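Listed in order, the protein sequences are those of chains A and B.
Residue numbers for the first sequence follow the working numbering, so the first one is 1 and each next one is one higher.
Residue numbers for the second sequence follow the working numbering, so the first one is 1 and each next one is one higher.
If you are wondering where the hints come from, they were derived from the structure by calculation, not from laboratory data.
The structure displayed is predicted, hence computed values, not measured ones.
Yeah, the Cβ is synthetic: ideal placement off N, Cα and C, and Gly gets one too.
Hints may contain errors.
[What the hints assert, rightly or not] DEER-style ranges, computed between Cβ atoms:
1) 153/B <-> 27/A: 34 to 40 Å
2) 27/A <-> 90/B: 32 to 38 Å
3) 21/B <-> 20/A: 33 to 39 Å
4) 125/B <-> 6/A: 25 to 31 Å
5) 6/A <-> 145/B: 32 to 38 Å
Here's the letter readout for the chains.
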Amino acid sequence: MTVIETIVEILSWFFMVSGSIFVLIGAIGTLRFPDFWSRLHAVSITESAGMILLIIGMCLQAGPTLITVKLLLIGIFLFLTGPTSTHAVADAALVTGLRPPESEGLKAEKLDEDDNG
Amino acid sequence: MRNIGVIIILFALWLLMSGIYTPMLIGLGLAASLFSLYIVRRMDAVDGARFSLQMSPIRYSGYIVWFMGEVVRANWAVTKIVLSPKMPIKQHLFLVPVTQKTELGKMLFANSITLTPGTITVRVKDDRFLVHALSFSQDDHAATADMDARVTACETEGGK
């Protein structure tokens with residue numbers, strides 16, 4: 001194993017392990033946070049930091065092959081579909097009347113009648 | 001002309017995805033591309049909806065670089081909240097003014113807000129977004145306005 005291969009291997013494992021840690025943090029947040037709306041934010045850590053770091057790590061493992069191109073395509077598609085699904089879940093919650101709890105000293109923007117679905 | 005372009009893009013995607021170049025698989029790819037084109041044309045006849053990319057690729061690349069930095073910062077902020085024993089959550093639902101003219105620009109701005117952990121675009125109301133923040137601070141208005149200006153700068157003229 002040459003020096004460069006060793007460096008790539010170390011970097012790849014660094015990215016994959018840190019990505020896994022962020023996935024774990026997202027899971028911990030989902031369990032710890034008190035309600036639906038804050039849990040949505042915990043999941044978004046898994047979906048952004050965890051996903052990006054894991055894909056970078058896997059790309060380094062695959063090297064300059066077709067697999068890397070596919071992994072990058074998966075990353076691009078996740079970047080488009082992730083926010084869309086999050087938005088769909090959040091909007092569905094709002095339509096069914098689940099209001100986010102407001103912290104002290106803050107007032108939610110007034111919602112229109114049609115926001116109640 | 002447009003049909004040939006669609007065929008080429010679909011077929012190139014197939015070749016990229018498959019990685020096995022035997023005559024049968026390439027033939028299947030060509031058949032699949034032609035069938036997709038047929039479906040697309042049929043759908044076009046129904047609603048005729050299409051849009052052009054009104055984005056400057058160079059400025060968009062610059063935006064992506066800046067945006068990645070934002071994602072890292074936001075991830076770190078939410079990670080600290082998750083792991084801190086007291087969990088300093090300060091939830092707030094607020095409206096963000098939107099200045100993009102094109103649908104694509106609005107989509108990019110809404111997705112950018114949702115992709116940065118800590119903020120989620122809940123609903124689009126005409127020229128404003130309803131945004132939910134995990135730990136709201138007064139700086140958030142300035143931060144979203146800054147992102148809004150950057151996305152608008154990526155748009156090219158001719159937006160409807």
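Hint by hint, here is what the structure shows:
Separation of residue 153/B from residue 27/A is about 37 Å and conforms to the stated range, judged on CB atoms against 34 to 40 Å. Separated by about 23 Å at the C-beta atoms, residue 27/A and residue 90/B break the suggested range of 32 to 38 Å. Between residue 21/B and residue 20/A the C-beta distance comes to about 35 Å, which sits within the given range of 33 to 39 Å. Evaluation of the 25 to 31 Å hint for residue 125/B and residue 6/A yields a failure: the beta carbon distance comes to about 54 Å.
At roughly 47 Å, the beta carbons of residue 6/A and residue 145/B sit outside the given window of 32 to 38 Å.
The earlier numbered hints that this structure contradicts are 2, 4, 5.
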